[in-house]
Structure formats: structure tokens, C-alpha cells
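Assemble the whole structure, with the sequences as input and the hints as a guide.
In order, the protein sequences belong to chains A and X.
Adding 469 to a residue's 1-based position in the first sequence gives its number in the working numbering.
Adding 512 to a residue's 1-based position in the second sequence gives its number in the working numbering.
These are computed hints drawn from the structure, not numbers from a lab.
All values derive from a computational prediction rather than experimental measurement.
If a hint is listed, it holds; no wrong ones were tucked in.
Each computed EDC-like pair below joins lysine to aspartate or glutamate, with the alpha-carbon atoms no more than 20 Å apart:
#1 A:Lys729 to X:Glu572
#2 A:Lys727 to X:Glu572
#3 X:Lys737 to X:Glu725
#4 A:Lys727 to X:Glu571
#5 A:Lys733 to X:Glu572
#6 A:Lys727 to X:Glu568
#7 A:Lys729 to X:Glu571
#8 X:Lys732 to X:Glu681
#9 A:Lys727 to X:Asp566
#10 A:Lys733 to X:Glu571
#11 X:Lys829 to X:Asp818
#12 A:Lys729 to X:Asp576
#13 A:Lys729 to X:Glu568
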Amino acid sequence: MNPKLIGKIIGGALLLEAVLMLLPLGCSVVHGEDLKLFVIPMLIEGAIGGILYFIADKDRDIVSREGFISTGLTWITLSLTGMLPFLISGAMTNPIDAFFETVSGFTTTGATVLTDLESLPKGLLMWRSFLHWIGGMGILVFMSAIMHFARGSQINLVKAESTGPIVSKLVPKADSTAKVLYGIYTAMSVITLIILLILKMPLFDAICLTFSAAGTGGFGVLNDSCASYTIAQQVALNTATMFFGVSFTLYFLILMGKFKLAVKNEELRLYLLIFALATIFITVDLMAQGDGTVNGGPLMALHRAAFNVGTIMTTTGFAIEDCNYWPGFSQCILVILMISGACAGSTGGGIKVSRLNIMLKAFNKEMAIHLRPEQVKKIHIDGKPVEDSVIRNTGTFCFLWMFFIIMSILVVSIDGKEWNATITSVISAFGNVGPGFGENGTMGNYSSFSNLSKLVLSADMLIGRLEIYPILAMFKRNTWKCF
Amino acid sequence: MNAVIVGCGKVGSELARTLVNDGHSVSVIDNQQKSLDEVAGDLDVMAFLGNGADIEVLEEAGLDDADIFISVTTSDELNLLACLMAKEETRCETIARVRNPLYSKEVEYFKEKLGISKIINPESLAAVEIFNLLEFPALSRIDFFEDGNVIIAVLHVGREFRYIGQSLEQITGDNRGTKTLVCAVVRNGESIIPRGDFVIREGDDITIVATREDIRRFLKNAGVKNVPADNILIVGAGTISYYLVKLLTQKGKRVRVIDNDMKKCNYFSEHFPEAEVIFGDGTDRRFLAKQGLMRADAFIPLTGIDEENLVTATYAKSYSDAKVITKISRTDMSDLIKTLNVDSVVLPKLLCADIIAQYVRAKEAGAGSNLATLYRYLDSAFEIVEFKADADKRVTGIPVKDLKLKKNLILAGIISNKTYTVPTGNSVIKENDYVIVVTTEKGLTSLSGMLE
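This is the structure in C-alpha cells:
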């Protein structure tokens with residue numbers, strides 16, 4: 470354990486956050502709003518970050534333990550400083566609310582405690598959405614792309630922050646890998662923005678929603694989320710989130726001209742299959758049940774189903790209607806999608822489709838071994854054998870996922886809310902989705918939850934986004950020992 | 513540059529470390545996940561599981577964009593095959609490790625007919641290094657420039673060194689007429705480019721550039737005993753021993769080789785009728801004494817086991833006057849070797865990684881560069897670089913005293929028409945001269961780079 474190195478990383482991240490606040494600051498300038506919202510936090514971040522960054526050691530190796538710890542600490546620190554604009558603006562008075570909102574932003578969850586967005590300063594709304602964009606690909610990945618704070622082993626930071634059962638580089642160098650990732654991310658964001666602008670979305674809305682869609686976060690700028698946008702705009706947003714829910718490795722492969730390899734990717738196929746099946750089932754269910762909200766015929770039902778399936782399975786959480794009025798079968802499908810999530814190595818959350826793929830194959834393998842105990846069987850993903858350690862890790866990960874969800878449900882249930890709100894709030898927070906069912910539904914928010922629940926849900930969002938270990942590692946005593 | 517390395521053992525990972533530190537993009541391929549995990553967890557490289565001669569794996573590892581392809585697996589045949597495939601696919605530079613003595617005769621064939629850029633044979637390199645050290649037992653390390661006449665010698669200053677307490681100017685004065693130059697000193701782990709007023713102390717490691725003949729005279733003047741070893745006792749009949757015995761017997765030295773494997777003994781006996789081959793346990797001290805350790809000029813344990821080599825070397829050093837040279841395969845303890853009571857230690861794997869890294873550096877400098885040789889010492893911060901002077905008006909035709917040289921750099925020699933001269937203030941570098949530069953600055957790629 471090397472406290473100075475960790476200090477340097479956190480310091481660097483704080484400085485970066487201060488720089489990133491220039492964007493909402495600019496927005497505030499354009500709209501003639503109160504500037505202290507961002508100036509004060511920037512000064513604080515600059516001061517603390519500067520001190521931490523410049524007293525620390527250079528040229529140290531980051532081992533995986535330090536990668537985990539600094540990732541966990543960085544995310545918590547940045548959430549604590551990132552929440553300052555909310556408090557200074559007076560939009561929130563309770564620090565726990567502000568923390569919840571900021572964590573929800575960074576982890577690309579999109580769960581909000583705010584009830585009236587349209588009355589907030591534009592700069593603050595942009596900061597909220599920008600948090601998604603920063604957290605989507607990861608702040609430390611960004612740092613790795615532009616700063617050199619450790620010898621050669623910066624990949625351990627990228628690894629701790631990236632999602633999926635196997636994190637591998639795209640190019641041999643860690644910083645180049647981070648640059649490639651952010652390059653693709655930025656390019657795709659720009660394309661999304663341009664498409665939204667072509668579809669005549671107002672500039673401010675388009676920028677914020679691009680950030681939210683790119684990070685698969687889900688913060689909107691209107692009180693009804695996306696319901697008042699045109700169908701074309703909704704389709705564009707949803708398509709964008711579906712693209713951001715795909716592993717960025719595949720985009721890299723396509724850029725490299727290895728189109729075949731990208732198309733043959735099992736995770737992508739499973740991801741699209743889940744999307745298609747869920748959409749079809751929900752469309753049919755919506756049509757069959759005809760529960761009074763169905764209007765516009767089968768095409769409209771298809772659009773509503775596709776939008777909600779896309780936004781939930783990529784763990785974005787945009788809303789175009791109140792799904793609390795949906796038939797139970799469709800609701801249930803959405804809850805399952807919250808758990809399965811998007812692809813590994815994307816900006817989406819959930820367990821990840823690739824883990825699902827591994828576990829299904831592992832199940833198949835166990836089954837075969839039960840029937841014929843002498844059999845030796847390896848599982849293959851994309852035609853490559855998977856190490857047993859990966860299967861073991863994935864199994865443990867899935868168990869931990871469920872374990873934390875169940876424990877959190879227990880704590881949140883103290884609030885005495887209905888079953889659906891209690892359970893879906895936790896699943897939604899852990900999967901970084903945003904909305905659930907009940908008062909925290911697609912059109913609702915989390916303002917009525919108690920402080921304890923908000924803290925637990927904030928923790929769940931962080932644990933879910935960082936895939937459990939970076940946050941948990943901080944609570945293990947051994948991690949902090951110098952040996 | 514983009515490098516692909518096949519084989520992630522000691523050589524491969526050491527090479528990857530050097531190349532990464534030099535700023536190259538490195539992909540490594542190995543057929544064992546464990547080796548890959550170790551390297552990828554440690555270094556900024558991309559790791560790929562698979563066989564180095566599997567075109568799919570190679571392409572995945574980025575062969576298409578590779579500038580240099582290096583195969584250093586334990587199998588010569590695989591290395592050659594992988595290089596051939598890489599060559600065929602991309603026309604990049606290829607380097608193969610080939611160790612089998614049988615193939616070592618075919619190096620020229622591999623290069624010319626098969627188009628492999630470089631064949632590297634660590635065992636043979638180690639043998640040559642040991643052989644040179646036996647010619648100059650007083651030195652702890654010796655390297656040759658391209659033409660083989662000018663050498664870089666590293667001497668550990670012991671008590672018998674007559675110039676202790678004297679400045680370099682005095683030493684130069686004493687050696688007037690010989691072409692020698694003390695150009696670098698390592699003192700307590702610190703690398704120093706010495707000036708004329710620098711005073712030598714006991715325990716320094718001094719680097720001398722000189723001609724082959726003059727180094728002998730320098731050592732004589734300095735009071736350092738330097739009698740080439742004639743009676744040589746070697747333990748272990750492995751590959752290094754093979755190349756070493758071959759060199760020694762050609763020179764007419766008396767060589768005795770001990771091994772406890774009858775098959776190897778027979779093999780050596782078939783190949784080297786001039787050498788004495790002894791069957792027995794070369795790590796047993798009584799047995800060694802019986803085989804004439806006390807009367808040997810040099811004792812060289814070269815078994816396959818590092819620990820055995822070190823133990824017998826330490827024993828021999830304590831109980832005999834022989835020059836003791838041994839080799840160590842593991843690379844991670846190289847900084848500890850200096851603390852051992854052994855005259856010289858040869859590290860074939862590091863040697864191999866280092867030579868490839870030099871080759872890459874020279875290639876990186878590009879066709880426009882005239883970097884001829886580059887030596888890097890792992891235990892010091894120096895680089896010794898040999899350049900061929902081009903018609904650069906900033907450097908050529910000007911007396912050395914008028915060149916504004918960088919502070920951390922010394923001009924250690926000018927080789928003009930195969931004659932070496934120690935540069936003085938009035939020396940002039942001419943076009944097509946070879947210029948030797950000693951510097952602590954890494955990555956010097958051209959002669960004009962030595963100017964302020």
C-alpha cells in the first residue's frame with residue numbers, strides 16, 4: 470500500500486474534475502446564471518487536488534490492490550466534491566440528497582431526488598448530465614489517457630474502473646488504450662449530438678441528453694424525461710443508448726477493419742437477441758392486455774416496448790411514459806433486463822450480458838459433467854477456451870450481486886414502502902438503471918426515501934458501477950496494511 | 513515502434529521490459545497463461561495466448577502493424593518458423609533465438625536465404641564473453657566495437673591498482689603513447705562521466721576505451737596482473753560449455769570439462785578430442801581438488817543450476833587463485849551479483865535481451881541514422897554509442913575543443929581508417945570516421961545530438 474501514490478491519483482482526479490466543471494460553468498455564463506455554483510467547487514477541488522497531486526511520489530508502480538483502492542476512493546471523493554454545485558445552488562439542502570444525486574450521476578444510474586427540474590439553473594442540469602458522460606467511460610480511464618502518474622502499470626487503474634469479466638487492452642500501451650476508448654466515446658457522442666440536432670432538438674437539451682445517452686445514465690432536463698420529444702427524437706436517443714451499451718472493443722475491431730470478428734461476437738448477438746425477444750414479448754403483452762394506455766396501434770406499442778427495453782437493458786432509464794400502468798408480465802421483463810444489463814466494456818451497467826453468457830455455458834458444462842462425471846469439458850467464448858478462474862470469478866460475482874441486493878432490500882424495507890418500490894429501487898440502483906416501479910417509477914423519483922435508504926442506494930450504485938471489488942476492498946482491513 | 517515478442521520466459525519478459533522502458537508498444541505471445549499474466553500484470557504490454565507460429569494469433573497480436581518481430585521461445589524450430597511467417601506476412605524486421613550448436617553453423621544461411629534479420633544465440637554470446645574475459649582475466653567485463661580491435665573494458669579497482677589517489681590527467685600522462693582513455697566511472701552505484709581532475713579511488717568500477725594491445729600495456733603500467741588463462745577447468749557440459757570449449761581448444765588452451773552425465777561426456781569427447789572430459793560430480797569439493805582446481809588458471813562452473821554454480825564458484829574463489837567466472841540464468845537477482853565473491857558473472861538471458869534492445873534502438877534511429885554500435889550496461893546509467901560520421905558540417909572538420917559538447921557526455925575515441933585515436937582538443941572528426949561517445953543521456957541517435 471502506497472498512500473502517496475493513491476493521494477496523487479485522487480489529487481489528479483480532483484484537478485481533472487475542476488477542469489471538467491468548466492463546461493457547466495460555460496453553460497451558466499451563456500445563460501447568465503449564478504457562477505459561484507461552479508467557481509467555489511472548482512477552487513476547492515483545485516486546492517485539495519493540487520496539494521495531493523504535487524506532494525506525491527512519482528514513478529511508482531500501481532499494483533492491483535492500489536488500483537482498486539484508489540479507484541474506490543477517487544469515486545467517493547469526486548462524488549463528495551461533485552455534489553457541491555447542488556448544495557450551493559440551493560436546489561438541495563440535504564447533503565445526503567446531493568450525494569445521492571451526484572453518485573447517481575457518476576455511476577450513470579440516473580435516479581433522482583429532484584422533483585422539479587425545469588426550475589433549476591441550466592448549468593446545474595448540464596453538470597448533472599455531464600456527470601454521466603464522465604462516469605460512463607470512467608474518470609481514471611480519462612486520467613490514464615492524459616496523465617502519467619505511475620510507471621507502466623497504469624493499466625491496473627483502467628482495469629479496476631472498467632466493467633466485465635475480462636478486461637483487456639485494445640493496444641499494447643495503457644495510455645493509448647485509454648486514448649482509443651475516449652476517442653471512440655467522444656466520436657460517438659458527437660455523432661449522437663449531430664443526429665439529435667438534425668432532428669430539431671433544442672441545443673441545450675441535445676447536449677445534455679447526448680451526455681446522458683452516451684454514459685447510459687438517464688438524467689433528463691424536462692420533468693417528463695423524454696415524453697415530450699418527438700417519436701423520431703425518442704428513437705434516435707434509444708438507438709444511441711443501444712450503441713453505447715455495446716462493448717467498445719467491438720468498435721475498435723470495426724475501426725481496425727476486423728468487421729467479421731466484431732459481428733461474430735457472442736455477447737453482441739446475445740445482447741441483440743435479448744433486446745429483440747423482450748421487445749416482441751412486451752409489444753404482444755401491451756397489445757393483448759390493452760390496459761387503457763395503449764393508443765396509436767401496434768406500431769406505437771412496438772415503439773414503446775422497444776424504447777423501454779432499450780433504455781432499461783442498457784441501464785439508461787429515460788422515460789416516455791409511466792410504466793407503473795403496464796401489465797405485470799411486461800413490468801417483470803423490465804426488472805429482469807435491469808439485472809442482465811448491457812455488454813461488458815460498454816458504459817452500461819447490470820451484471821453484463823457476457824457474464825450471463827459465461828454462466829449459461831458454465832451451467833451447460835456442469836450439467837454435462839453431472840451426467841458423465843468423467844468428462845473433461847472446457848467452455849468457449851468467441852471460439853476461445855475460457856480459463857476456469859474466469860468462470861469461478863464470474864460465479865462469485867453473480868452471487869455477490871444477488872447477496873448485496875438482498876441485503877440492501879432488507880435495509881431499504883425499513884422505510885415501509887410497497888414491495889415493488891423496495892425491491893426495484895435496489896435492483897435499479899445496483900444495476901445503475903435509475904427508475905424502478907412504484908413511487909420511484911419511470912415518472913417518479915426517490916425524494917420520499919429516507920436518508921438511510923438513500924445512503925444504502927448510493928453505496929449500491931457505487932458498488933454496482935465499479936463491479937463490487939474496488940468498494941469492498943476498502944472495507945477489508947488487510948488492504949490498508951503496508952505489507 | 514511496434515514490437516511483437518513470441519515467448520514470455522526470462523528472455524522474453526526481460527526484453528519486453530527493456531522495450532517498454534524505451535517507449536515501444538509491445539505485444540507478447542506465449543502458450544502459457546501464467547507467464548502472460550505475470551508479464552502483463554507487471555508491464556504495459558498486451559498479452560496473447562497461443563502458439564507463436566499460429567497466423568491467427570499473430571494477426572490478433574498486431575503483426576500487420578509490427579515493425580519488429582522477435583521470437584525467443586525455447587524451441588529453435590518454432591522461433592525460425594514464426595519469424596519466417598512474420599517475414600512473409602509483413603516484411604518487418606525479424607529476430608530469432610537459435611541455440612542449437614547444429615544450427616549455429618547456418619546463421620548466414622538463415623539470414624541470407626531465409627531473410628531473417630538477426631539470429632541471436634545467447635549461449636554463444638555468453639561463451640564469447642567468457643572467452644574474452646579469459647584473455648583479460650583482470651577485467652570484469654569486455655566488449656568489442658565492430659572491427660574487433662577497439663574494446664571497452666570494465667575494471668574493478670582493487671588494492672594493487674597503482675593509480676589509486678591519482679587524477680585522470682596523471683594517469684593519462686603516465687600512459688603517454690598508449691591509446692587508452694578512462695571514460696566512465698561507477699562509484700557506489702553512481703554513474704559518473706569523469707573530467708581530467710577526477711581522482712580514482714579503490715572500489716571504483718572504471719570503463720576504459722582502448723585498443724586490444726594498449727589495454728595490456730595500461731594494465732601493466734597500473735600494476736594489475738593480467739596473464740591470459742591457459743589451464744581452464746569447466747564444470748557442466750551444456751551449450752555454453754560447447755561454444756566455449758570450441759573457442760578455447762581452437763586457441764590451443766588446456767581445457768578440462770567435468771560433467772556427471774555420461775551421455776554429455778561422450779558427446780563432448782566426440783566433438784573435442786583436444787579437451788579432457790571427466791565424468792564425475794563437479795560440485796564435490798574433493799573431486800574438484802582432485803581434478804586440479806588449485807592449479808587451474810580459471811574455474812568456470814556452467815551447470816544448469818544457478819545455485820550450484822554460485823556455491824562452487826564461491827568455494828573456488830575462497831580456496832584457489834583461479835579466475836572464477838560463472839553464469840546465472842535467472843534475471844531478477846542481477847543487482848545482487850556484485851555483492852558475491854566471484855570475479856565475473858555472465859548473464860546469458862540479460863545479454864540476449866540487451867543485444868536485441870540495442871538492435872531495436874539502432875533500427876529505430878532509422879536508415880538516416882548512422883548509429884553503428886550501442887552498448888548499455890545494466891548496472892550503470894551509461895550508454896556507449898558508436899556513430900559513423902556523415903558530412904554534417906556542425907560536427908565534421910572542426911577541432912574537438914571548438915565543439916560545444918553536452919555536459920553529460922565524453923568523446924571517447926575516433927576511428928579513422930581503422931586506426932583508433934584518443935581525441936584531444938585538436939582532433940578533428942572527418943567524414944566516414946567512426947566516433948565513440950560515452951554518455952549518461954539515453955537514446956542518443958545521431959552525432960549532432962551530442963552538441964548542446
